[in-house]
Every structure is written in structure tokens, then in C-alpha cells.
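Student: Below, each chain spelled out in residue letters.
Protein chains: 2
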Amino acid sequence: MISVQNALEIIEKTSRNYGSETISLEAAANRILSTTVYATINMPPFRQSAMDGYAIRQTTRIAFNVIGESKAGDANNFSLNADEAVRVFTGALVPDDADTVIMQEHVEREGEKIQINTMPKKGANIRNTGEQISKGNLALAKGTRLNSAAIGFLACLGIAEVSVFTLPKVAIIVTGNELQEPGKNLPIGKIYESNASMLSAALGAIGILDVQFCKVEDDFTATKEAIASKLLENDVVLISGGISVGDYDFVRKALVELGVEELFYKVNQKPGKPLWFGKKDTTFVFGLPGNPASALTCFYVYVLPLLRDLGGYGKTGLEKVSAKANFSFHNKSGKTLFLKAYLGNDSVDLLDGQSSAMLHTYAKSNALACVDANTVNLSVGDIVECLKFDF
Amino acid sequence: MISVQNALEIIEKTSRNYGSETISLEAAANRILSTTVYATINMPPFRQSAMDGYAIRQTTRIAFNVIGESKAGDANNFSLNADEAVRVFTGALVPDDADTVIMQEHVEREGEKIQINTMPKKGANIRNTGEQISKGNLALAKGTRLNSAAIGFLACLGIAEVSVFTLPKVAIIVTGNELQEPGKNLPIGKIYESNASMLSAALGAIGILDVQFCKVEDDFTATKEAIASKLLENDVVLISGGISVGDYDFVRKALVELGVEELFYKVNQKPGKPLWFGKKDTTFVFGLPGNPASALTCFYVYVLPLLRDLGGYGKTGLEKVSAKANFSFHNKSGKTLFLKAYLGNDSVDLLDGQSSAMLHTYAKSNALACVDANTVNLSVGDIVECLKFDF
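Residue numbers (the working numbering), protein chains in the order written: chain D, 1 to 391; chain B, 1 to 391.
Some hints here could point you the wrong way.
Where chains are identical, the list cannot tell them apart; a pair therefore holds if satisfied intra-copy or between any two copies.
To be verified - Each computed DSSO-like pair below joins lysine-lysine, with the alpha-carbon atoms no more than 30 Å apart: (1) K332 x K121; (2) K364 x K315; (3) K184 x K142; (4) K135 x K13; (5) K324 x K279; (6) K13 x K113; (7) K273 x K122; (8) K169 x K279; (9) K253 x K113; (10) K142 x K266; (11) K224 x K113; (12) K270 x K184; (13) K135 x K270; (14) K388 x K273; (15) K324 x K224; (16) K279 x K335.
Just so you know, these hints were derived from the structure itself, not from any lab.
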């Protein structure tokens, strides 16, 4: 049995590969760039008017003849004499002969003649070519998370596809004769299966939508075959249940026979003591406890940072927040505890129903309050480290 | 022209309807329950063993004959005499005749005989029927956001479908002759369209994936027809561009002719002054500025809280965080400013490229620093209210 810290370190140090793929810009929101993107055009691509107004050549005169109009999208590059102006609109091409745009509010127009009230500085109200970015310059660096503005920025450079880190392919295997599908009748001795949909929800929240799913009975051969097939096709295999030492817990034996290297088994924590972690080739395997609250806690604490890292997001798990305890607690277990909690502005409440089999208060919680294995007494007002989640 | 505060209040006070729909539990992650859910079964549905061990009747004796085995999923309810035990595993049905489960670690077994080292309290290691929740009791209240644990909790009650608030149907109309699709050649005078993909990314981040899209030229009839068709089929219509006072800005005129009630037009802010907001029947319309940074800022500040509320999430927009300014700023505009910023632990930096046409630094920002219209001078160390975003 190893410590929580040790288990996290083992996961963090396990070597891994990062994949990348080219996808449409529309599909790339919130993904991580796997290559640096350079601008293939100037932005703006031409001198744009920043206002509705009149394009002229800077001069001391105040009267001009309007010889044409350039609206957004027009390609006409008017030739201008010193006494001539072109009507321009926001975003329109400013003729090469013009060097200044006068706001329409500063102009009086009669027919095709205008008189200006205020002459702005030379270059006023013109967005110069490449002002935002010049062709060939770095647009967004490798490792950038594509927020909405980044998607817009790449689109405005004409980029329709980007190279991003692939999200890991994940399979969920749930084990247990007792598991019945929700929506069906429940025979005596059975319970409804909940870990698959719960873990799918958590995976979906971090963008992993294409999840393989498989349910197996407590049977060695079936367990081994299910794991073998999922190992081949996935980057991460999550197995729930069957990892304890009971006579019908076949997962560990199956993993060993399949040549999955055991990197740790059993962590000095509650819930989630029988957590198993291993790797075969490039595929990681977590043997999660079957109890739903244990499975979800182990997902948040151990699985999430690995999945995020594989997707290029860095080795980041849940956000850590220090908060004052609104409760006292006696930790007689000698284990690190992850307690269902509700984190307020700067304090944290403990919720009922801490049993690893129970989800009813987990459903209303937004954090895990972490009590270290060495902390025996926690008093009201003590600072507790919390792991915050919103999914 | 109205103040930012006034504009936000007008949106907040506009009457609205909330829709609901019944969807599969798998699809309901992160959605909001529109009806309270009651447990239709006891959970656990029967007395479960919490351990691998032996079920017995509490007694002073220490030796028992093992008469059978109950593994998880088995339905066999053994009759037990005082000197008899049943081998049980975690999650298995505990026979009605038994009242205690002895952990296997506290038992020595030879053949079908066991001897126990430590007799636990009566009731030990048994999860009683309905211990987590009893049939008929409130499981999750209307208004609960379904996090992963809530999905698992409903699944364990056998619930396969839930009633949730519908997410608003949204259409994006982008206007402008100058707009070219990314991935195609860029003729002189044109720019690549970026608002549709940018706003789609922002909508996707809050779960709104089914977005209608339409691009129209700067033509009154085409603009009016496009808006008319989108009004009919959507809860919120976002129009980008065409809302200023230029000769080719037809959006406002089209909205008026279509009978969309103007609730405000023009806000004393930068960027986003020409923001338009109105409503027809149950459909809300935002006329967003065409400049990408203005459009996104107006989305974050004004559109987001309405969309969230329509989806049942409450009138919540971006998270507000107070932070120390790492910059000084002179606000000579008399307007409320929303500045592209990067929020660190407790301080905030201003980014370059504040122009409303520019997205390159918005792509690297994670907050808008809000400078009130009445704030003329902001000094290093002053507290600035920031709107934080991660999408």
C-alpha cells in the first residue's frame, strides 16, 4: 500500500506519447494546438477604414469633391486628386492615394461636395495592413488552448483546419454479476449499474465524447477477453469493480496475465483503497473500485490529471483551493481522506453520506475536502485543502 | 445611449419562458432538472454486505458451519440456524436470518467450518435497505445541476430518462459583403468571416451545440428575410454587423419592420457601443457589433447571462473576480471599458491590442478588466473588477 502522494507521482512520471490530429477549426474549440500557427496573410489584409467617413489625402484644404464610394467588400482602388474624396464605410478598402479618413460626423455634405469641420491627424481612422498581425508572424504558439477568441482569430486569418493534440481514447469496463441496466426491472440481489454513465459524464465534461463501453460478469475468461479487446483500441482503460481480493475479483489476475505492468495497487486512502494502476505498451489501465463514490473520487484525483495531460492540457487535475473548515473531524483511520464537501466563498462544509457506496450527497457537492493521513484532529477554522469540481 | 448597468437590467427584467424536455440520462450531464426527482426504489434495494466475509446471526459462539455462498448478484436468501454462516461478498444479499457480517480477515476457515477471532457489533458490515435513500423520498430537487455524481445517483435508482430545462435554440446571422469563408481565396477588399465560428465556440462551451447559421450580404431585403426566418425557429438570434448608422447598415431597420421591439440600442461602453437588444414574441434578438472583439465582449457580458438563464442555470454570467491592477490607465472616454486582460492569482495584467477589430491578444486573455465610465484614473494596485472566462 502506497501513499496518495506516491501514487500521484507514479502516474505523473509514467512515460507517455502525445498524439496529434488535424481537424476543422469548428471542432477545435477548447483543444490544444500541437503546432505553432503562423499568419498566412496580413490582418487586416489591406488598409481598412475604421469609421464611416471620407478618405482623402492630408492637406490644408477643407472642401472636396466626392468621386466615388467604397463600401465594405468593394475592391475599387480609386485614384484621388488633392481635392477629391471617396466615401468610405467601416471595414472598406481605403484607396492607396488616401492617407486619412475623416469621420462623417465631422463633415458637411451637399450633393457631391463635402466640407470638413475638423481635420484629423494624418493616418487617422485607418487600420493599416498587417496592423493586427503580419504575414509570416507567429499567430498562436504550440500549446495554446483555443478559447473562443482564438477560434475567431484563426478564422480571420483564413485558417479552416488546425493541428491539435488528440484526446485520449477511453474505454469503460464495468464488472459485476449484480449490475442491471437502468430503465429495466430490478431482480432481487441486483443493483442498477451507475458507474458507466457517471464516468461518461465526467469524461464528456472534459471533451472526451467517444467512449467505448463494456459490461462483464464476474468471470475470469470474460473479464480477460473484455480487457484484452479494450487494451488494443484505447489509450486509457477504466475498469470498475473486481479489483479487491474477493474470490470473484478477477480483474487483477486478468491484467497480470495480459501483461499489463502493475505500477501500483492499493493506496492508503479512503475511499478508494483498492485502486490499481498499470500500463501495457502505450495504454494505461486504472482498476477503479466498484463503489460509485470511490470510483468517482479516484477518477477526479488520479485519472483526470493523466487524461488532461494526454490531451495536451498539462498535468492539471482539479483546482486546489484552501478553505476554512466549518466542521471538526477526527481521522482515526491513518489514511488520507477525500470527503464529499461543499466549498463556499472561503469556507468548506462537510456533507452527509460519506460512505463509498453513496452518491446522494456527492450529487450536491462541489469539492473533495482532503484530510491528510497524518492529520488526526481537524478543528473548526483549520485550513483544509479542497479539490474543486464543477462537473 | 444607456449605461452598462441599465442595459444589463433591461435584459434581466425581460420576461421569458422556460422550456423543458425529457431526455436520456446519458445526455443530461450538466443540465438542470426541471422537475424534482423522487426515488422509485430503495437504495440499496436489499440488505447488502459491505465487505467480503461471513453472514451470521449475532451470538456468543465463535464456530460456525458454512452452508452456502452469496456473491454479488445472487438472489438466494439462505435460512440460517444459530451455528450456521453464509459466505458473502461485497454487494451481495445478506440473508434475512443474518444480522451481522464478519470480515474475512477476522475469520479462520477450514473446509466448511469457520472460527471467528473478533465478533463485531450487531449489524456490522451491512448496508441496510434504503440506507442511502428510501423509495418515495426526494432524490434531487428541481433546479439541480446534474454533475457526474448526480448522473450516477439517478442511474443507481434505475432512472434512464430525466426532465431538464431545454437549452435555448440559437441562430447566428453574420452580415457583410466583405465576408469570405475561411479556407477559400481572399479577394481584395474582403476579410475572412470569423464571428460565426467564434460565437459557435462560445455557445458550444455552454452546451449549445445545435446552432443555425446564416450569412447575408449588406442588402435590406436579404437581411430582413434572413432575420424573419431565424426569428421563427429560435429562442435567441445573434446578428453580427450592420447595426451602426452607415448607409449599408440595414439590421435595425429590418428588425423594426419585422416588429421586433427595440428594448435598447447603444450602450455607453467600449467596445460594443452600437449593441442592440430587442424581443419579438418569445424570441430575443441581439444586434452585435461586427468587429470580432466587440461581438465577443458583448456576448460574454450581455448574451451569456440570458442564455444561461433560459437553460435553467440562473441569471449567471461570467464569474466576477476583484483583482489588483498591474497597470495604470487613463479613461478619457467617459465610457465603461471592457479591456482584454490576463488574471493571475490576485492581480490582473492588461494586454496589447485593445482595438475592437483585434482578436490576437483576446486569444491569450482569460478575463475582461472592467473600468467604470466614472473612473478616470486607475493606478497600479487599484482594485479592478474582472469578468473571468475560460472558453
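Student: All hints are to be evaluated individually against the structure, with a verdict given for each.
Tutor: These are the hints, each one checked on the structure:
no.: 1; hint: K332 x K121; verdict: between (76 Å within a copy, 18 Å between copies)
no.: 2; hint: K364 x K315; verdict: both (27 Å within a copy, 20 Å between copies)
no.: 3; hint: K184 x K142; verdict: between (48 Å within a copy, 24 Å between copies)
no.: 4; hint: K135 x K13; verdict: neither (40 Å within a copy, 47 Å between copies)
no.: 5; hint: K324 x K279; verdict: neither (38 Å within a copy, 46 Å between copies)
no.: 6; hint: K13 x K113; verdict: neither (74 Å within a copy, 47 Å between copies)
no.: 7; hint: K273 x K122; verdict: between (72 Å within a copy, 25 Å between copies)
no.: 8; hint: K169 x K279; verdict: within (15 Å within a copy, 44 Å between copies)
no.: 9; hint: K253 x K113; verdict: between (90 Å within a copy, 27 Å between copies)
no.: 10; hint: K142 x K266; verdict: neither (37 Å within a copy, 39 Å between copies)
no.: 11; hint: K224 x K113; verdict: neither (86 Å within a copy, 32 Å between copies)
no.: 12; hint: K270 x K184; verdict: neither (32 Å within a copy, 57 Å between copies)
no.: 13; hint: K135 x K270; verdict: between (56 Å within a copy, 28 Å between copies)
no.: 14; hint: K388 x K273; verdict: within (21 Å within a copy, 37 Å between copies)
no.: 15; hint: K324 x K224; verdict: neither (46 Å within a copy, 57 Å between copies)
no.: 16; hint: K279 x K335; verdict: within (26 Å within a copy, 58 Å between copies)
The structure is inconsistent with the numbered hints 4, 5, 6, 10, 11, 12 and 15, although it conforms to all the rest.
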